[in-house]
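A.B. asks: These protein sequence lines map, in sequence, to chains A and B. Letter by letter, the first sequence follows residues 0 to 182 in numbering that gives the first Met the number 0. Letter by letter, the second sequence follows residues 0 to 60 in numbering that gives the first Met the number 0.
These are calculated hints, taken from the structure and not from any lab test. A quick note: this is a predicted structure, and the numbers were derived from the prediction, not measured. For glycine and all other residues, C-beta sits at the position ideal for the given N, C-alpha and C. Incorrect hints may appear among the rest.
Pairs of lysine to aspartate or glutamate, DMTMM-like flavour, derived with a Cα cap of 25 Å [as the list claims (entries may be wrong)]: (1) B/Lys45 - A/Asp38; (2) B/Lys36 - A/Glu145; (3) B/Lys32 - A/Glu32; (4) B/Lys32 - A/Glu72; (5) A/Lys146 - B/Asp16; (6) A/Lys134 - B/Glu49; (7) B/Lys45 - A/Asp135; (8) B/Lys32 - A/Glu37; (9) B/Lys36 - A/Glu32; (10) A/Lys134 - A/Glu93; (11) A/Lys146 - A/Glu104; (12) A/Lys134 - B/Glu43; (13) B/Lys32 - A/Asp108; (14) B/Lys45 - A/Glu32; (15) B/Lys20 - A/Asp108; (16) B/Lys32 - A/Asp40; (17) B/Lys32 - A/Glu104; (18) B/Lys32 - A/Asp135; (19) B/Lys45 - A/Asp75; (20) B/Lys36 - A/Glu5; (21) B/Lys20 - A/Asp135; (22) B/Lys36 - A/Asp75; (23) A/Lys9 - A/Glu104; (24) B/Lys52 - A/Asp75; (25) A/Lys9 - B/Glu29.
Interface residues of chain B toward chain A, partial, derived using beta-carbon atoms under 8 Å [to be verified]: (26) Arg19; (27) Arg22; (28) Ala23; (29) Lys30; (30) Val33; (31) Met34; (32) Asp35; (33) Leu37; (34) Arg38; (35) Ala41.
Using C-beta positions, here's what the derived DEER-type ranges look like [unchecked claim]: (36) A/Ala133 - B/Ser53: 27 to 33 Å; (37) B/Arg51 - A/Gln140: 28 to 34 Å; (38) B/Asp10 - A/Arg11: 45 to 51 Å; (39) B/Tyr5 - A/Glu101: 43 to 49 Å; (40) B/Tyr5 - A/Ala133: 26 to 32 Å.
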Amino acid sequence: MRYTLETIVKLRERGAIQDYAIAGAVASLYYLEPMLTEDIDVLVSITHLEQRGSGLVLLTPIENALAEMGFTERCDVGIRIGDWPVQFLPVASELDEAGLAEAIEIEIDGSPSLKVRVLSPEHIVAKALTVGRAKDLVRIQAFLAEKAVNLDKLKALLQRFNLMSDWSSFCFKSGCPNPFSVT
Amino acid sequence: MTAKHYPDLSDIFARRDAGRKQRARMSMGEKLKVMDKLRATADEFKEMRERRKSAPSRQKD
Chain A
0 MRYTLETIVK
10 LRERGAIQDY
20 AIAGAVASLY
30 YLEPMLTEDI
40 DVLVSITHLE
50 QRGSGLVLLT
60 PIENALAEMG
70 FTERCDVGIR
80 IGDWPVQFLP
90 VASELDEAGL
100 AEAIEIEIDG
110 SPSLKVRVLS
120 PEHIVAKALT
130 VGRAKDLVRI
140 QAFLAEKAVN
150 LDKLKALLQR
160 FNLMSDWSSF
170 CFKSGCPNPF
180 SVT
Chain B
0 MTAKHYPDLS
10 DIFARRDAGR
20 KQRARMSMGE
30 KLKVMDKLRA
40 TADEFKEMRE
50 RRKSAPSRQK
60 D
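If we strip away everything but chain A, and leave its shape as in the complex, we get (with noise of 0.2 Å):
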């Protein structure tokens, strides 16, 4: 995987990407203990990608540096770059907008070391709610249990994407306690 990782980071240097963050069970992986997953979902901003009338973005742009680098194999969920299939999602949301902004760089450890961005605890959480996956209940009953998640911060997310009514869903499906309900 790390290797798939230094070639996203490599997409970027080379302009093919411009801002990005790893979502989904990759960027948990930073916040958790590991998980099984089958591929890297990987947030790219679309400002340099080509949007068609219908709302259809190309990743013409991604497809061709990966292409330059020999990454031609696709599979179901995207592009194979080496062990890892690797699926690019062009921002689709103010939520999306806003996770990659706020994204945070860390530092994986190795010779040499690497720096990726990868989405913050709260935007996983966030985005995990609004996709509303088993998985993703699962995802966010994790981060709450390991306290990985700054909750203070979260309730700020959630309200400020109007997202309070998915929570309490969430809490209600899952038999999580509310955090945030006022008793």
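Given chain A, put chain B in place with the hints provided.
C.D. replies: For chain B alone, kept in the frame of chain A given last:
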């Protein structure tokens, strides 16, 4: 009727929690290696499942 006594599992759950916390404290480099291993193991299981699915079903005698 005597009440059944079941074993107290709290120490098992406590050890499990401690293990989870310990793994969460690993360095990112170590975690990436764990992810690679997890995926390789999962791939082996997937291949076994695919082989089993594509194998002709056993006939009853």
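A.B. asks: Each of the hints needs a verdict: does it hold here or not?
C.D. replies: Outcome of the hint check:
no., hint, verdict
1, B/Lys45 - A/Asp38, "holds (15 Å)"
2, B/Lys36 - A/Glu145, "holds (23 Å)"
3, B/Lys32 - A/Glu32, "holds (12 Å)"
4, B/Lys32 - A/Glu72, "holds (23 Å)"
5, A/Lys146 - B/Asp16, "holds (13 Å)"
6, A/Lys134 - B/Glu49, "holds (23 Å)"
7, B/Lys45 - A/Asp135, "holds (22 Å)"
8, B/Lys32 - A/Glu37, "holds (15 Å)"
9, B/Lys36 - A/Glu32, "holds (14 Å)"
10, A/Lys134 - A/Glu93, "holds (23 Å)"
11, A/Lys146 - A/Glu104, "holds (20 Å)"
12, A/Lys134 - B/Glu43, "holds (22 Å)"
13, B/Lys32 - A/Asp108, "holds (11 Å)"
14, B/Lys45 - A/Glu32, "holds (23 Å)"
15, B/Lys20 - A/Asp108, "holds (19 Å)"
16, B/Lys32 - A/Asp40, "holds (18 Å)"
17, B/Lys32 - A/Glu104, "holds (20 Å)"
18, B/Lys32 - A/Asp135, "holds (23 Å)"
19, B/Lys45 - A/Asp75, "holds (16 Å)"
20, B/Lys36 - A/Glu5, "holds (19 Å)"
21, B/Lys20 - A/Asp135, "holds (20 Å)"
22, B/Lys36 - A/Asp75, "holds (21 Å)"
23, A/Lys9 - A/Glu104, "holds (15 Å)"
24, B/Lys52 - A/Asp75, "holds (20 Å)"
25, A/Lys9 - B/Glu29, "holds (22 Å)"
26, Arg19, "holds (5 Å)"
27, Arg22, "holds (4 Å)"
28, Ala23, "holds (5 Å)"
29, Lys30, "holds (5 Å)"
30, Val33, "holds (4 Å)"
31, Met34, "holds (5 Å)"
32, Asp35, "holds (6 Å)"
33, Leu37, "holds (5 Å)"
34, Arg38, "holds (7 Å)"
35, Ala41, "holds (6 Å)"
36, A/Ala133 - B/Ser53: 27 to 33 Å, "holds (28 Å)"
37, B/Arg51 - A/Gln140: 28 to 34 Å, "holds (32 Å)"
38, B/Asp10 - A/Arg11: 45 to 51 Å, "holds (48 Å)"
39, B/Tyr5 - A/Glu101: 43 to 49 Å, "holds (48 Å)"
40, B/Tyr5 - A/Ala133: 26 to 32 Å, "holds (30 Å)"
When each numbered hint is compared with the structure, no violation occurs for any of them.
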